[in-house]
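Protein chains: 2
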Amino acid sequence: MATLHEVTDPDDPRLADYRDLRDVQLRKSLEAAHGLFLAEGEKVVRRAVEAGHRPRSFLMAPRWLEGLSDVLERTEAPCYVVSESMAEAVTGFHVHRGALASLHRAPLPGLDEVLEGARSILVLEDVVDHTNVGAVFRSAAALGFDAVLLSPRCADPLYRRAVKVAMGSVFHVPWTRLPDWYDALTDLSRRGFTSVALTLAPDATDIADAVRGVDRLALVLGSEGPGISRRWQESADRRAIIPMSAGVDSLNVAAACAVACYVAARR
Amino acid sequence: MATLHEVTDPDDPRLADYRDLRDVQLRKSLEAAHGLFLAEGEKVVRRAVEAGHRPRSFLMAPRWLEGLSDVLERTEAPCYVVSESMAEAVTGFHVHRGALASLHRAPLPGLDEVLEGARSILVLEDVVDHTNVGAVFRSAAALGFDAVLLSPRCADPLYRRAVKVAMGSVFHVPWTRLPDWYDALTDLSRRGFTSVALTLAPDATDIADAVRGVDRLALVLGSEGPGISRRWQESADRRAIIPMSAGVDSLNVAAACAVACYVAARR
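Sequence lines, in order, name chains L and C. Heads up: the first sequence runs through residues 1 to 267, numbered per my numbering. Heads up: the second sequence runs through residues 1 to 267, numbered per my numbering.
Keep in mind that the hints are not guaranteed to be accurate.
In this list, chains with the same sequence are indistinguishable; a pair is considered to hold if it fits within one copy or across any two.
[Said to hold, decoys possible] With a straight-line Cα cutoff of 20 Å, these simulated EDC-like cross-link-like pairs (lysine to aspartate or glutamate) come out: (1) K164 <-> D129; (2) K43 <-> D70; (3) K43 <-> E224; (4) K43 <-> E73; (5) K43 <-> E84; (6) K43 <-> D11; (7) K28 <-> D156; (8) K164 <-> E88; (9) K43 <-> D237; (10) K43 <-> E66; (11) K164 <-> D9; (12) K43 <-> D23; (13) K164 <-> E50; (14) K43 <-> E116; (15) K43 <-> D112.
Just so you know, the hints here were simulated from the structure itself, not pulled from any lab data.
Can you build the whole structure from these sequences, using the hints too?
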């Protein structure tokens, strides 16, 4: 059972995990240095714990205690109970959903484990916006994809904004970081996947044709600005495009992902 | 030709249009009170002017003057030239794309004008997030939709964040506000559109079946949280769903929009 600690001093050092949540740069370095991440809201906190992330602590106003009593019962982590105005003073924003948890990052699974039995996977190259990474996970979950692989420079799926946009799906869609950027797609081919890269390259074929009949599919999406790198374009098995209106050259990466997943789910 | 004014005092009242761009509430009331909106970046500023929005003024660092010289030549509005650090001090953020313009909002066109010749339109009910509204416009433009209609409570497509996410497509996809929420869909039916509402209602049919063979299509998307209101669900001609995996009950509205537009474009 979590122990409850009423905290009235916003500078209390025990609240360090929850400081300045709107400062992206500061949070990134803090979370990396301590191997932690934040979950926000009763539903997301519960999902994070159920997915095997061990709580470091909780921070919440008294009225949120009851809703999370089942989670608090099963942990030894401290729960800091604060007023709503103090939660706002510490985190730097109005905590709409009341409950926050700081959790240890579980070690990332290996590629073998993530790909075990997977038939449809997404591979992201350098998608740097947390909102986009979160949206990709949500679409992957909704449209039946089995796993997500991230290039080393992709934004962190466990960053608060990404977790929120993903509606917690980062906790049930298996994912990991690719250990090697350069040979990532050739390695997937060796493992029996057909990689289909979404690109505006001149030899790209209609996505519906490119995925038709493919058994194990790795759908590859590139960065918000430049799209997929030349190396990945060249090492993908196929290059595909979502047909677009004249004069408009691209969809947002999250929108393109949703369309491509929809089409691929019907291959 | 715009007149150039070098400004060195960040409190200069002539810069009032550009203050505190990150403060959403303050900006909303300021922009409504003065009938203005902000465009950011050379490409977006040019598109806004070309779409017929009359500039009130420009604000930029010296190095951005040349890129927009064609736009500045064709206007009498003042152009305030400031250092990059001063632009940051006034607006409250680092102005990556250098050039800002404050523009008069052109009067919204009437429904008759927006629907003239349109075959595929999007109708948004109470989509309140600027990022989502922007993403919907970008998908509409890319996937061949002819117009967007907004319920009275939808977020403003001319808000800076929406314009940015839309990549300026809010300036070339015709749009307007619906004058009447209650009878909006029945009015569209009278005008010859078949309205198809995306919903999780039990009688919703697969979106691909719902749009098949429809001539004039009004695709209806609801609010981020509650989805489409009961009134609109009941007054839509058809209710449709994007088939999803068991246990996941929804896509983000922007992702759902992209998928539905893609499917509808192939009806």
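To see whether the hints hold, each was checked on the structure:
In this assembly of identical chains, the alpha carbons of K164 and D129 lie at most 20 Å apart whether taken from the same copy (13 Å) or from different copies (14 Å). For the homomeric pair K43 and D70, the shortest alpha-carbon distance inside one copy (12 Å) is at most 20 Å, but the shortest distance between copies (53 Å) is not. Taking identical chains as interchangeable, the C-alpha atoms of K43 and E224 lie at most 20 Å apart only when they sit on different chains, with a minimum of 17 Å there against 30 Å within one chain. In the homo-oligomer, the alpha carbons of K43 and E73 lie at most 20 Å apart inside one protomer (16 Å), although the nearest pairing across protomers, at 55 Å, exceeds that limit.
Proximity of K43 to E84 under the C-alpha cut-off of 20 Å is restricted to the intra-copy arrangement: shortest distance 19 Å within a copy versus 43 Å between copies. Taking the shortest alpha-carbon separations for K43 and D11, neither the intra-copy value of 28 Å nor the inter-copy value of 46 Å comes in at or below 20 Å. Taking the closest pair of Cα atoms, K28 and D156 come within 20 Å of each other only inside a single copy of the chain (9 Å); across copies the shortest separation is 31 Å, beyond that limit. In this assembly of identical chains, K164 and E88 lie within 20 Å of each other by CA distance solely inside one copy; the values are 18 Å within and 29 Å between copies.
Taking the shortest alpha-carbon separations for K43 and D237, neither the intra-copy value of 40 Å nor the inter-copy value of 35 Å comes in at or below 20 Å. For a Cα distance limit of 20 Å, the shortest separation of K43 from E66 inside one copy, 13 Å, qualifies, whereas the shortest one across copies, 52 Å, does not. Taking the closest pair of Cα atoms, K164 and D9 never come within 20 Å of each other, the shortest separation being 28 Å inside a single copy and 40 Å across copies. Taking identical chains as interchangeable, the C-alpha atoms of K43 and D23 are never at most 20 Å apart, the minima being 24 Å within one chain and 29 Å between chains.
When the C-alpha separation of K164 and E50 is checked against a cutoff of 20 Å, the pair qualifies only within one copy, where the shortest distance is 16 Å, while the shortest distance between copies is 38 Å. For the homomeric pair K43 and E116, neither the shortest alpha-carbon distance inside one copy (28 Å) nor that between copies (46 Å) is at most 20 Å. For the homomeric pair K43 and D112, neither the shortest alpha-carbon distance inside one copy (30 Å) nor that between copies (45 Å) is at most 20 Å.
Checked against the numbered hints given earlier, this structure breaks hints 6, 9, 11, 12, 14, 15; the rest are met.
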